[in-house]
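So the protein sequences, as listed, match chains F and Z. If you count the first sequence from 1, you need to add 42 to reach my numbering. If you count the second sequence from 1, you need to add 590 to reach my numbering.
Just to be clear, a hint being listed does not mean it is correct.
To be verified - Label pairs and their in silico Cβ distance ranges:
#1 Z:Tyr974 x F:Ala572: 49 to 59 Å
#2 F:Glu568 x Z:His797: 32 to 42 Å
#3 Z:Phe777 x F:Gly359: 54 to 64 Å
#4 Z:Asp1291 x F:Ile402: 50 to 60 Å
Unchecked claim - Quick list of in silico lysine-lysine cross-link-like pairs, DSS-like style, CA-CA up to 25 Å:
#5 F:Lys746 x F:Lys74
#6 F:Lys651 x Z:Lys787
#7 Z:Lys632 x F:Lys464
#8 F:Lys464 x Z:Lys862
#9 Z:Lys907 x F:Lys464
#10 F:Lys690 x F:Lys447
#11 F:Lys654 x Z:Lys796
#12 Z:Lys796 x F:Lys644
#13 Z:Lys787 x F:Lys654
#14 F:Lys445 x F:Lys691
#15 F:Lys189 x Z:Lys1192
#16 Z:Lys1028 x F:Lys654
#17 Z:Lys1028 x F:Lys567
#18 Z:Lys632 x F:Lys478
#19 F:Lys651 x Z:Lys1028
#20 Z:Lys796 x F:Lys651
Quick caveat, the hints were computed from the structure, so don't treat them as lab data. Here the structure is a predicted model, which is why all the values come from computation and not from measurement. Cβ atoms here follow ideal geometry from the backbone N, Cα and C, with glycine treated the same way.
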Amino acid sequence: MTREVLALAMDAGGTMTDTFMVDRDGSFVIGKAPTTPWDESEGFIESSLDALAQWDLDERAAFSQFEVAVYAGTTMLNTLLTRTGRRIGLITTRGFEDMLVMEQGRQVWSGYSYADRLHAATHVHNSPLVPRRHVRGVSERTDMFGKIPIPLYEHDARRIAGEVLDQDLQGLAICFLHSYANPANERRMAEICREAMAARGLDLPLYLSSQIRPVIRENQRVNATTIEAYAADPVRRQLHNVENSAVARGFRKQMTTMLSYGGLANIRHPRLHETLISGPIGGMLGAHYIARILDTPNVLAVDMGGTSYDFGLITNGTFNLNNEPEIARFRLALPSIELDSIRGGAGLYLSVDPITNRIIMGPEGAGANPGPVCFDRGNRQPTITDCLAINGYLNKDNFLGGKVKLNLPAARQELETQIAAKVGLDVHEAADGIIKLWLQTAMDATRRAIQVRGGDVADYVIMGYGGAGPLVLAGVSEGQPFKGVVTFPFAAAFSAFGCTTTDYSHRYTRSSLFSIASAADTAAKEALAAGLTRLWNELEAEAHESFVSEGMDLAKVEYRRVAFVRYGGQLDEVEVPFDRAWQGTPADIDHLLERFEDLYTKMFAKAAKYPKAGYAIFQVALVASIETRKPEFPLLAEQGPTPPAAAKKGQREVYLDGRWQSAGIYDMELLEPGNVIPGLAVLEHPATTLLVPGTRQARVDRRKFIWLDNLQRGEPST
Amino acid sequence: MSAITPLNDDLSCRSLKARVDGVRQLLKATGHYKGKRDLPLKSRDVIRFELLYSRLQSIVIGSQQVGSKVACSPGTREVGESVVGLYTPEGDAVVFSGGIMVHVHTMSRFIKWMIAHDYEVSPGFRHGDLFENNDTYIGGVHIPDIMDVTPIFWEDRLIGWTGMVTHVLEVGGITPGSMPVLSAERFTEGLIICAEKIGDNDQIYKHYEVRAERSVRSPDLWILDAKARVTGALMARDEVLATVREFGVDYFTDAVDEYIESARRAQLERVKTMLVPGVYKEVTTCDQIMEGQPGLSPLADGNVTIIEPLEMTIDGKGKMTIDFDGFGSWRYWSGNGTPAALEGGLFVSLSQALNFDGRINHGSYLATELKFSKGTVVWPDNKYASTSLGWNLVMPTWATWYRMLARATYMRGFVEETFLFGALTPCYDAGGIDQYGKVFGGTNFELAAQGSGARGIRDGIDFGYVLWNPESDMGNAEIWEQLFPQLYLSRKILPNAHGFGKYRGGNGWQSLLLTHNSRQMVVTTELCQARAFDHQGVFGGYPGKVHYIYLMTDTDLRERIANQQPLPTGEGDDPTEPELTRLVHGKLRISHGNMTADKPLKDGDVMLMQYRGMGGFGDPLDRDPALIEADLENGIVTAVMAERICGAILDQAADGGHRVDRAATEARRAELRRARIAKARPAREWMAEQRERIAHYQLPDVALEIYKDVSSHSKKWLREYREFWGFGTDFSFDVPHIRDVNPFALRSGESRIADNPLEF
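Extracted from the complex, chain Z is given alone in its bound form:
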């Protein structure tokens, strides 16, 4: 073990590996990034300090714009799925553009991984070198998020890195698209680039392109996106070098360190100002119901449900600790996460919820602490466990954190910042033979604009938000029809998709897609929530609607069109009698989870995708009648649900619209409140009854399996569970008749920080 580095040691003279170690030790010894107790540049001339920051921010934003223009993916060009960042030599994030900010941190992980694994020695770092990664254990959420970085050299001195990430829409996995839901092991995820040097002298190697051409279904998407990333990273590098010439290299390197230390301090201050200290607990679940689906690996758990108990501790100094202790074992499914993915989620969450001045960087991360247990779904001890749908885990997790944050901001009086953000965002992948007669594959990124959760002072954002990119967008249907052999029969509001509340969640929408000009199209759906609610409300607000996916094959649509009979546009106002199934005959499959089509779709088959609405805020009986009228006008709520859930009594207006009868509604609401009280039971009584069920293991199998698994990992969870229900240490879920969902997982017992790249 190396000794503590003296504080005055010049980090710049040592190997990168030693420097990374030195930075960590200095933080531990002094509490400050690189030991910076003072911020001399900032104190001496705050204006110059801000001038450089402003310049660097301008550089990354401009580079993202340029890079995106080269891209081929509608994901990058049409809906902004990219980000550019600047890093210190040690890989600590300094400044970034907008976009998918989760990757500000995953790129950081990638650089640190290369350093830890002696890339400085071989292949070495030189001006013009290009490195690429999409291996999630090295740094990432799932493999379509591909990152390219290049070192910045000032003469012979490495002074930083620039990099760009894009989400590529086809990755050559077991099924077409970018997020194969069937992937249980990494070998079926697609083309994985493991921290590889892909070019030098600012040029991509030819063999890189050759491999892509022969390994993915839409090589143009892959290669042009690679060119986009390289363009963005190189432009940022050159601009940074021009800036260094202007400000001086020593000023630049010292200033970036001060930016990080400033952000660390600002993060602590912000937390102290905006949140109430204490321990917050929230829980959610995520799942995948895939049993019996075609193509499933023999290893795979068909049906997986993961419990996600999250604990956030805010201390008096503003430090936020987020503990994942209590998450279950990793599984043979596509939804495993990695610490890098969860930490990346922290970045995108903080940047929207607390640090929206755009000053988030590695310092903000240093002011927080994330703790993981090895062997669990957030840190598999099997590097081959698939993370193809890492977001399946990451999104519900951060949705939980947002709910905790909503309580914390509300308690502190920052009601206008109280916001439930989002949760899982369903989507579909498709591939086969396209309308040009070519092999294709892709993810339809219209998913990138769904409903948000409600806000503390108004409804959520309708059809315009996803938690992983605040600059959300669904693009144009006419553009997606260029990529997929499909005709949109509709793109419209999905009524009642939001969680009801005093302020409702943002509403969702639906697309009805007719297979057109293709004789073979494989379809899978992902990032769906099947049996669990991860899009809950707060303070009496309801969760969003359960979304369904309808697949209808061998339809009579062509005949209907020929006969000019009414065509469907979606689910209609009543999901118990969907418009689609009323109007069209064919072989129907309805799924409310991730799914693989049994057979390739062909001309005339239809799929109805639903994009979600999110949870509400406050009691729907407190909803302003004027807001109900506006929702009725726009088709966001149906009259039946406005009456049933909000207690609205409606009159038909002369123009055919609805008016809420204020007086009658007030009376009806009073009646509903009385009925609620009449139905209520004392909590003590209810708990005693539940305790009896638990004591005799009279719970659904899925719950018993979750509890057995979690309690085998987490001493803390088991202790708290016993305390809560009043059991002694003799009570355990470790009984033979409950299935062990993953007997191979490492039971590490306690959560801890996971920042040593050599462990990955």
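Bound-form chain F, shown alone:
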């Protein structure tokens, strides 16, 4: 029977472009190729060809069959990091022209490690995306209520539009204070700019903060707006290249990309800065999808990379959103699936503090190039990967499928002289300890993430993916009562997989100014309900317009309403999804506030409740989505606990818990449903490694998901 492909998803990371391709039966294949930043379509094609070759499919036939193609790239991030975006100007409220040079103070230490946050001598500003000479201020002011105490000075506005447009720019951003509350002045300024452009025969794109991200906090709003103006164009060019190269091979649909809050969007989407952190989001979406398949509402998803350790939570079936993430050291207003990241990757440098004789991990890392000592590419400072290598966790001949041969004597020698001898430990003992410390740092961060959001570790299943995610899975879950510990044969391309699992969806937000007393009467509740209805209706109209322009079927759109609730006077809010049909009645308000109290009490101590202060809703959101077809994981027949003989690759000595132990080595790809591999074992895949300690067993379920059962806790429980 001829194989029919369904979806293609690609995650272009800094080094590799991963493809996840799925067919109509739910089978999948992974392709890999180097990322090509100069023209990402080259990496796109190479990576898809790599996948297609494994299925022996014709390129043109396959491309013509794809229903969905998702591409998540890194162009925007690279554009920001290398400051190679467009020449743009900024028009802001007069008196605020320095806002990009000044930044918000915290940006001088954003993205720093704990130690460097204290170490103020290291603090520095970002260099601004818009040079000060391209920024102008116009006299105007809108206040927090949306009233306009200082009308736009039109003569001022005309003069400034002219000045800015005479500067040979490629785009123009406009950000006025409180424009989220009333966009009139920004819109009028845009009209004046258009008139001035018409007079000059120019047609520059205009970016209004009230359109890009209409929420309070001018520093985060201006960052979102200027990043869109600065970096969207190169991204769009790359995405069009990718789409064109797919179309040239027979692709008949529109290319989609991944948004930071977890939806798919057409590459013509007007707010492309929302794709800024699309790659890691893919992993979270994959975890979310699998959580639904497994019928488990709470998941902790962990991804261990070379420099960072990323992890995120799915609680009660939904993501947490971060409305002010920091990207490339910019803090911006951008709802994004909350991912915590610590500088805890396997590439972290190791050293010994000469004063305290403490082992120090990081904060810098070796990166992919030159990489750890064992890569033998010139770096002599040991890293955590070197510890993993000398203690037998990694296969010296099969790292990255054998593409990198590990030089263990070199790694051992540097660890010996630079670390072990200084702290008075045997080199393997030191490496063992360092791995433990490293894993605990990661574990503490993940536990903290659950606790900060009011959760309990025992309610969560932990999923590990990414190159080193499976390797650390046992370590970061050690001693913690997780409900289950699981990874996947496609762990190395999990982010790309995740891109095939999400719906076509957009999120719309509005700032609002609602407040209500704790013992409000019916009239007050009716007024609040009417206000919410009005805003949500406005957002629904916006969604309609957008979906129509993207050629989507409006009949299939589903809406989800969200209110951000806080006690009166508080500055942080709780995202409260309205979980039933909105009727706009006082009873709906009661329900919304009850949901808030429930969530708040879970997140904080009981002593933190303070209904007496009343409630405020300063932001609402609407999520509009259309369901897409997704990969399936059919239940396969169990093949018994013993893995096929071909899967057993041999034995290797691993130093664990203070001694050398013999570990069984298995080929992950050859394991069958029902197989059980007792620890101590190492399950190898060309792009990832799963460590099974002696206290655990690896169990392959009927979907070929791999569970790490804790034998001491009597797992599996069923």
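With chain F fixed as given, assemble chain Z onto it according to the hints.
Leaving out everything else, chain Z in the frame of chain F:
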């Protein structure tokens, strides 16, 4: 007097009071914290030892994050004004989160005070009890810094404490906000909680909330911040207990003691490694010019100037002694300090300057020694003397210490650690009727990101540093407009605010605030430096700009807006002809110090706040022209000042910007250097002339009053003064025609350690 406790005595079996005493005696007898000559846990298994530390650090950081989300104050949520710490049963700090680390130590003082005052007997310590304090003599810098602690019990054994501090923005003082400048006695500072039990069973008592509702102007700020602190402390407690279950109680209690002893040793080693031993001296002054201001207490000294001569001695073993001998008498003003405040300042300073690996704790404190004279402004012998603006004293003091440290690190070759950090950080308080029609009060904490001093290898941090919180931030104007009935007419760079130098200080900025939607708003300004420079440079670097506060009432701004005439945004490029006064007509008051508005502000009145830049490093004539060009581009320096101070000769570039003409600048600089030499005089000659002035008391009254006061306190100061100027013992400032600024102060004569809680 009790006998020396035997070293092998089990401290855990005794009362807390006896244990605190035992810890002190063991240190004295052995030189080690709790007598720990060896560190067996660390030696036996360094990895497990580090694992526990890492866990504890993670706990306090997480608890701070959770607590801050509950808070109502923009101070806590928007600009990170909080800290969470873990303590031993005796109240010694073990580990803390980031944030306002000054309070790692003040919380420690608070716990020790309760123990010393027999709280163990009454009201007793039980699981779930909540204790709160903001009394600065018990432990604190000023009352808005409120701390809540809770004991950690393992079964029936008290094994430690957790606590959280936040800066609350309204405290119910004589004027609205958190730092009433008019307060001369504590009775006008606001609501003071003196080491009080405020709850049990993890719940705050109802009467605590009732009191806050009826005692402060913005009770929501107060109460939600209390809930934030309690949330943070309780979460940390529960997490610590879970960790104790995992590691074992004996391991935990022994390990925390070893962490403290390790930090003590590390501190000594670090000082030995990074600094040159010897005696360092620096001096600064701080002041408050309030004469004639409305609302001043009859007791108050209108104008106060305090001299702050600081001496740091580093011995060959790495011990650092900081001596405050020579500080003047306490005064009836809001700027008195306490030993707790100055010691807290040491914590925040060490954590940024020497111990930035985050391992600072009580052990670091034990490796240093701070000495105070009772009766002086750093240790008033009158517990009612106000400390409402304790930072007015603490910041200049530590700025002085930073300068000494800059010399010490530079001499040792740690040039990249040479950093002038910061000094005083001006701000304003406001209150009255807000835009919602409610009574309000608050401090605008946008002050929490000003310029830093210069660094040994680069310019200071612009608009992003305050010495009391390295995680500095000013928040968003749109958020502050939610709290205050004001419209920002600007938030922009204040040109030339930095101290010039080869590397300039971090630059300052300004906010122009229009009163909006309020018919009554009282404004006061604080933490300003009036006539003195506490933000000096080093090695030829200049001090930062003198900052001004402009208050303009009864303005024609509304008409200007209606007529679409140009609106002001600040001081402009030339302070001798400020943009604000050029464009707006009204009743103007310019102040360069702490101030109270004569009348409540109303719609249309404006205030210009300036946030400071700090001192420079090295000679401005050595400044790289490329750096000057960048500053010109960003409006950080004006062309006039670049030419006048840095000797830059500028050309107009085609794009309207400036370019420094390298060759012409070099020639101009050579000329300026020659002019300096021509103007110089032999020091001996100049000193002889000054000596004559002193001998005949021909100094300004303020200087004579300072010297009379200081010499009455400090034998050492008087001896050194006489030696320096070549006077005999017959020379004295104790002459009748010089005013005694505080005849009531205790003249204790010598400085000493001030760690006995019963003295407070």
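Hints and how they fare:
Distance hint check: the CB atoms of Z:Tyr974 and F:Ala572 are about 55 Å apart, consistent with the given range 49 to 59 Å. Between F:Glu568 and Z:His797 the Cβ separation comes to about 36 Å, which falls inside the hinted range of 32 to 42 Å. Our hint of 54 to 64 Å for Z:Phe777 and F:Gly359 holds, since their Cβ atoms are close to 56 Å apart. Between Z:Asp1291 and F:Ile402 the Cβ separation comes to about 56 Å, which falls inside the hinted range of 50 to 60 Å.
With a CA separation close to 21 Å, the supplied pair F:Lys746 and F:Lys74 stays within the 25 Å bound. Annotation: proposed proximity of F:Lys651 to Z:Lys787 holds, straight-line Cα distance about 20 Å (limit 25 Å). For the given pair, Z:Lys632 sits about 14 Å from F:Lys464 by alpha-carbon distance, which is consistent with the 25 Å threshold. Distance restraint check for F:Lys464 and Z:Lys862: the Cα-Cα separation of roughly 20 Å lies within the 25 Å cut-off, and the hinted pair is therefore satisfied.
For the hint linking Z:Lys907 to F:Lys464, the alpha-carbon distance of about 23 Å falls within 25 Å, and the restraint holds. Taking the CA atoms of F:Lys690 and F:Lys447, the gap is near 21 Å; set against the 25 Å cutoff, the hint holds. Only pairs whose Cα atoms come within 25 Å are accepted, and F:Lys654 paired with Z:Lys796 is accepted, the gap being roughly 12 Å. The suggested pairing of Z:Lys796 with F:Lys644 holds, with an alpha-carbon distance near 22 Å, which does not exceed 25 Å.
A threshold of 25 Å between alpha carbons decides the hint, and for Z:Lys787 with F:Lys654 the separation of about 23 Å falls inside it, so the pair holds. Between F:Lys445 and F:Lys691 the alpha-carbon distance is near 18 Å, which keeps this suggested pair within the 25 Å criterion. Under the criterion of a C-alpha separation no larger than 25 Å, the hint pairing F:Lys189 with Z:Lys1192 is consistent with the structure, at around 18 Å. A distance of roughly 16 Å separates the Cα atoms of Z:Lys1028 and F:Lys654; the hinted pair therefore holds under the 25 Å criterion.
For a cut-off of 25 Å, the pair hint linking Z:Lys1028 to F:Lys567 stands: about 22 Å separates their Cα positions. Taking the CA atoms of Z:Lys632 and F:Lys478, the gap is about 16 Å. The hint holds against a cut of 25 Å. Proposed proximity of F:Lys651 and Z:Lys1028 is supported: the alpha carbons are some 23 Å apart, at most 25 Å. Only pairs whose Cα atoms come within 25 Å are accepted, and Z:Lys796 paired with F:Lys651 is accepted, the gap being roughly 13 Å.
Against the hints set out earlier in the document, no violation occurs for any number.
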